[in-house]
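**Q** Sequence:
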Amino acid sequence: MAEYICLFGKDSAAIVIKQPKKSPLFLRMIVLVFAMVCGLYICAVCLKQLSNVSFQTSQLVQTSPIDSHSLRFVTRIHYPKPQTFNRAECGHNPVRYFAILSMQRSGSGWFETLLNSHNNVSSNGEIFSVLDRRKNISSIIQTLDRVYNLDWFTSASKNECSAAIGFKWMLNQGLLENHKDIVEYFNRRGVSAIFLFRRNPLRRMVSVLANSYDRYAKLLNGTHKSHVHSPAEADALSRYKPVINSTSLIHDLQETENSAAKALEYFNTTRHIVVFYEDLITNQTTLKQVQEFLNIPVKDLSSRQVKIHRGDLSDHIKNWEDINKTLNGTEYEKFLRADY
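Per full-length UniProt numbering, residue 1 is the first one in the sequence shown, and the count goes up by one each step.
FYI, nobody ran anything at the bench for these hints, they're computed from the structure. Honestly, I wouldn't trust all of these hints.
Below, a list of computed lysine to aspartate or glutamate pairs in the DMTMM-like style, where the Cα atoms sit at most 20 Å apart [as the list claims (entries may be wrong)]:
(1) K318 - D252
(2) K241 - D312
(3) K334 - D235
(4) K307 - D235
(5) K318 - D214
(6) K334 - E278
(7) K307 - E233
(8) K325 - D315
(9) K135 - E184
(10) K334 - D322
(11) K334 - E255
(12) K218 - D235
(13) K299 - D279
(14) K262 - E177
(15) K318 - D235
(16) K180 - D145
(17) K334 - E321
(18) K307 - E321
(19) K307 - E177
(20) K241 - D339
For clarity, every value in this text was computed on a predicted model and none was experimentally measured.
Sequences and hints are given; from them, build the entire structure.
**A** As structure tokens, this is what we get:
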């Protein structure tokens, strides 16, 4: 728009410049652009928060952000000097430390047997299932030192020539309660964390209830077995159909997800990966990625364990109709049809 210039008097030096009126359309465009920028910012913040809480859509295997802090752990190797034996010619062989962080009935036992089929890996089981080993942070640190010094002996111990030493640790075994000290220990000693979760916590719930029942029923000839090695044994255990509390079901599923998200948040500064049980079954590259993460030779791994609850979930839940009705139309409806 043109500007209007007015002169007052012949000898007047005063010049008044009248600014044009701003177009309403121009002002509206400014408001619209500002609203769009604010909207994009709010969406970005929300997405970031959601990604921190939910790990359901995470990639198959994820590592912590690469920075100078985590890069020191990538090649962190150790040369333990155990007090209980001599590593002999293997004393110059480097060892890497790891811990499998998981929940009960999430496939950690099966996953551990896969790792132990590698002739360079020793994973020593669920060592913190014993209360005295986790009664306080001092007893936890003392136990960790024994494991990583190769002074912890189990049937999985390969002693002298192990290239990777670790164990499995359930989230409810003092891990979350003492996370600050444990994270500091992991970073100081160069311990790599392998998070193992199930994408379908409803199937995990079935496994937990069935295993709890068998502790007392002992369906296999009066013997309780958490893991089996034959299809016949698996069929025998899967005949029991637990009743799931439909009233608290959604809350229980949320609690499972919250525990996993909390663990990921607490251990975010450690060198870690996230692995899902379902992906171990369906994706052949997953075990390769785990071995590469541990910096050990990649080999074909195997296990004698047989899956117990196979097929549709409707075949394994006694009050299936109630569960189906409870979850239909919710964010957890997808768990009713998941394969694993």
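**Q** Determine for every hint whether it applies to the structure shown.
**A** Okay, the hints, checked on the actual structure:
no. : hint        : verdict
1   : K318 - D252 : holds (18 Å)
2   : K241 - D312 : holds (12 Å)
3   : K334 - D235 : violated (25 Å)
4   : K307 - D235 : holds (9 Å)
5   : K318 - D214 : holds (16 Å)
6   : K334 - E278 : holds (14 Å)
7   : K307 - E233 : holds (10 Å)
8   : K325 - D315 : holds (16 Å)
9   : K135 - E184 : holds (18 Å)
10  : K334 - D322 : holds (16 Å)
11  : K334 - E255 : holds (17 Å)
12  : K218 - D235 : holds (14 Å)
13  : K299 - D279 : holds (18 Å)
14  : K262 - E177 : holds (11 Å)
15  : K318 - D235 : holds (16 Å)
16  : K180 - D145 : holds (17 Å)
17  : K334 - E321 : holds (15 Å)
18  : K307 - E321 : violated (24 Å)
19  : K307 - E177 : violated (32 Å)
20  : K241 - D339 : holds (18 Å)
Taken one by one, the earlier hints fail for this structure at numbers 3, 18, 19, listed in ascending order.
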